[in-house]
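**Student:** Spelled out from the first residue to the last, the chains are:
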Amino acid sequence: MSSSRRSRQASSSSRINDDQITDLISKLRQSIPEIRQNRRSNTVSASKVLQETCNYIRNLNKEADDLSDRLSQLLETIDPNSPQAAIIRSLINE
Amino acid sequence: MQPTSSMKEEFLQKWQMGLQIYRPLIDNTSVSERMKAIKLSADVAMASLRRGTTCWSRALIQKTATEDNFLVRQMLSGIKAETLINKKLPKVMCHRKIVRRSKKILRRRKSRSAIEEVAAKARKLVNKKTQGLRNVVPGGEFMSNDVLLIQETLDYIVSLQTQVNVMRSIVDAAEAGSER
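Protein sequence lines, in the order shown, are assigned to chains A and B. The letter at position 10 of the first sequence is residue 10 when you use UniProt numbering, and the numbering goes up by one with no holes. The letter at position 55 of the second sequence is residue 55 when you use UniProt numbering, and the numbering goes up by one with no holes.
Pulled out of the complex, with its shape left as it was, chain A reads as follows (with noise of 0.2 Å):
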């Protein structure tokens, strides 16, 4: 008796979940650039949203690495007297 009731119980909080998750999934779709461009249709399935995602966040990852990169090269090679050595000086000494 009681482990019948605790098996809808189960069942009926994975529902939740999928539901949940489901809009979680469509949510992750918004929000990468490469699915809302490439995509009209709402076929995409929520493996290859999971899939995007991974591929979106690493890829911006990397772009925050390049850009620290570059910028650390700007400090050293810029000349001082130029505009952007100012804009480059505003940002760290104000």
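It should be emphasised that the hints constitute simulated quantities derived from the structure, not laboratory data.
Restricting the straight-line Cα-Cα distance to at most 27 Å, the calculated cross-link-like pairs of lysine-lysine (BS3-like) are:
1) B:Lys129 with A:Lys27
2) A:Lys27 with B:Lys128
3) B:Lys8 with A:Lys62
4) B:Lys129 with A:Lys62
5) A:Lys48 with B:Lys129
6) B:Lys63 with A:Lys62
7) B:Lys129 with B:Lys63
8) A:Lys48 with A:Lys62
9) A:Lys27 with B:Lys121
10) B:Lys128 with A:Lys48
11) A:Lys48 with B:Lys103
12) B:Lys8 with A:Lys27
13) A:Lys48 with B:Lys121
14) B:Lys124 with A:Lys27
15) B:Lys128 with B:Lys104
16) A:Lys62 with B:Lys36
17) B:Lys124 with A:Lys48
The model shown is predicted, which means the values in this text are computed figures rather than measured ones.
Since the structure of chain A is already known, use the hints to place chain B on it.
**Tutor:** Relative to chain A, chain B alone:
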């Protein structure tokens, strides 16, 4: 959700603060050390936007603190730096025993329709992909609850977009002039 201009402004302010902390060192270090400093300040700036309310931001702060404890303390002074750095990451886990027990009960149901079979296969594939997500989101290894994981991912993405947006604008502007 997209990065808002207030998020971008706050990120820029905090990032600036981090760079200023490094100012005395910037002139005397190698390019690669400088790059690391820039990246670390950007990460702490991004994480501090969340004021400790998300799992990923706490995990990122702790990770950065192991690489540069001084920087993190300076940047976070005033936002309960000590607790953020030292706090044990909450094990926000579904109690494994209960999950295992309820899965066993579910499995006892003998008849599974074809639809349920397909759904089970799809679920397995999704589980594999969410594991990949746990590897890229800071603190992901503590989020065994899928719903939490995806919520944190959404927030992490918006924060990363903010970070990259602002950094890109600064670097583009700075480089634009130098190509005369």
